[in-house]
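Undergrad: Could you build the full structure based on these sequences and the hints that come with them?
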Amino acid sequence: MNDTLSIVLFSGTADKLHAAATLTAGAAAMDRPVHILLQYWALDAFRANRIDKDHGLAYDAARPRFNEPVEQVGEIPWLETFRMAKELGEVTILACAGSLEVLGIDVTTLDPLVDSSGGIATFLVAAEGGQILFI
Amino acid sequence: MTATMTELEGTTAAKVIDARGAACPGPLLDAKKAMPGVPVGSVVEIWSSDPVTKSDINAWSTKVGHEFLGVLEADGYDRVFVRRGK
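Sequence order for the protein chains is A and B. Going by the numbering used here, the first sequence opens with residue 255, and the numbers climb by one from there. Going by the numbering used here, the second sequence opens with residue 6, and the numbers climb by one from there.
Heads up, a few of these hints could be off.
Stated by the list, open to error - Pairs of lysine-lysine, DSSO-like flavour, derived with a Cα cap of 30 Å:
| hint | chain 1 | residue 1 | chain 2 | residue 2 |
| --- | --- | --- | --- | --- |
| 1 | A | K340 | B | K20 |
| 2 | B | K59 | B | K20 |
| 3 | B | K38 | B | K59 |
| 4 | A | K307 | A | K340 |
| 5 | B | K38 | A | K340 |
| 6 | A | K340 | B | K68 |
| 7 | B | K91 | B | K59 |
| 8 | A | K307 | B | K38 |
| 9 | B | K91 | B | K68 |
| 10 | B | K20 | B | K38 |
| 11 | A | K340 | B | K91 |
| 12 | B | K20 | B | K68 |
| 13 | B | K59 | A | K340 |
Claimed, not checked - Computed beta-carbon distance windows for the label pairs:
| hint | chain 1 | residue 1 | chain 2 | residue 2 | range |
| --- | --- | --- | --- | --- | --- |
| 14 | A | G328 | B | G70 | 32 to 38 Å |
| 15 | B | G81 | A | V356 | 49 to 55 Å |
| 16 | A | A315 | B | V57 | 19 to 25 Å |
| 17 | B | C29 | A | D285 | 31 to 37 Å |
| 18 | A | Y294 | B | V45 | 41 to 47 Å |
| 19 | A | A312 | B | E14 | 29 to 35 Å |
| 20 | B | R25 | A | I386 | 32 to 38 Å |
| 21 | A | V356 | B | K91 | 32 to 38 Å |
| 22 | B | G90 | A | R304 | 39 to 45 Å |
| 23 | B | K91 | A | A375 | 33 to 39 Å |
| 24 | A | E334 | B | T67 | 22 to 28 Å |
| 25 | B | E72 | A | A302 | 55 to 61 Å |
| 26 | A | A351 | B | G15 | 57 to 63 Å |
What the hints assert, rightly or not - Stretch-level coverage of chain B by chain A, calculated; a stretch enters the list once three of its residues show a Cβ under 8 Å from a Cβ in chain A:
| hint | stretch |
| --- | --- |
| 27 | 7–21 |
| 28 | 25–33 |
Honestly, the hints are just simulated from the structure, not real lab data. Beta carbons: idealized from backbone N, C-alpha and C, even for Gly.
TA: See the structure below:
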């Protein structure tokens, strides 16, 4: 197994984006190449005109809790963490061509953090021999 | 090989990073960012109020080829010492 970490980032809520960003940043700091494939709601979150807006929380946050209100969640610095990760290491962010098509998004309207659009084979070849996570 | 407390106290860092108040992975990223800015063999000192920073920086140093020297406890934060190895 090689050092490459590949993440299929499907979710578009700030908490899950932050989980992915933290892993990405940690791996980048350890000199591990990171490949990210943006699909569906993650892709939507990376639209240039929306990326710095509030992306909400996963539905887990709305579940009934035991005297523990979830309103205490602070600002989630997911975008800043991704930016740092890209600055520090080898991080490639690919927009899934299929998801772009379904959502009717033009790749040129995405944030510059996104390197290019690509198909699943491109991602799988880059990911080969390493770990793949789905978030 | 970690240094003794006395050795750490006598260590002059080529660069001191104040990452107090930042949560994981902030201090780690700051350390990573600082390394290319100091000569190989010199020491970077990271100040962090996040209790996991010292073990995280230790793991990272071992992985990427720097030398983790140890930690001094200060008032409400840790002073983490790493020697640039490559």
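Undergrad: Next, verify each hint and record whether it holds.
TA: Status of the hints after comparison with the structure:
no.	hint	result
1	A:K340 <-> B:K20	holds, 23 Å
2	B:K59 <-> B:K20	holds, 17 Å
3	B:K38 <-> B:K59	holds, 17 Å
4	A:K307 <-> A:K340	holds, 20 Å
5	B:K38 <-> A:K340	holds, 12 Å
6	A:K340 <-> B:K68	holds, 19 Å
7	B:K91 <-> B:K59	holds, 20 Å
8	A:K307 <-> B:K38	holds, 27 Å
9	B:K91 <-> B:K68	holds, 12 Å
10	B:K20 <-> B:K38	holds, 11 Å
11	A:K340 <-> B:K91	holds, 21 Å
12	B:K20 <-> B:K68	holds, 21 Å
13	B:K59 <-> A:K340	holds, 24 Å
14	A:G328 <-> B:G70: 32 to 38 Å	holds, 35 Å
15	B:G81 <-> A:V356: 49 to 55 Å	holds, 50 Å
16	A:A315 <-> B:V57: 19 to 25 Å	holds, 23 Å
17	B:C29 <-> A:D285: 31 to 37 Å	violated, 18 Å
18	A:Y294 <-> B:V45: 41 to 47 Å	holds, 45 Å
19	A:A312 <-> B:E14: 29 to 35 Å	violated, 46 Å
20	B:R25 <-> A:I386: 32 to 38 Å	holds, 36 Å
21	A:V356 <-> B:K91: 32 to 38 Å	violated, 45 Å
22	B:G90 <-> A:R304: 39 to 45 Å	holds, 42 Å
23	B:K91 <-> A:A375: 33 to 39 Å	holds, 35 Å
24	A:E334 <-> B:T67: 22 to 28 Å	holds, 27 Å
25	B:E72 <-> A:A302: 55 to 61 Å	violated, 42 Å
26	A:A351 <-> B:G15: 57 to 63 Å	holds, 58 Å
27	7–21	violated (count 0)
28	25–33	holds (count 3)
Against the hints set out earlier in the document, violations occur for numbers 17, 19, 21, 25, 27.
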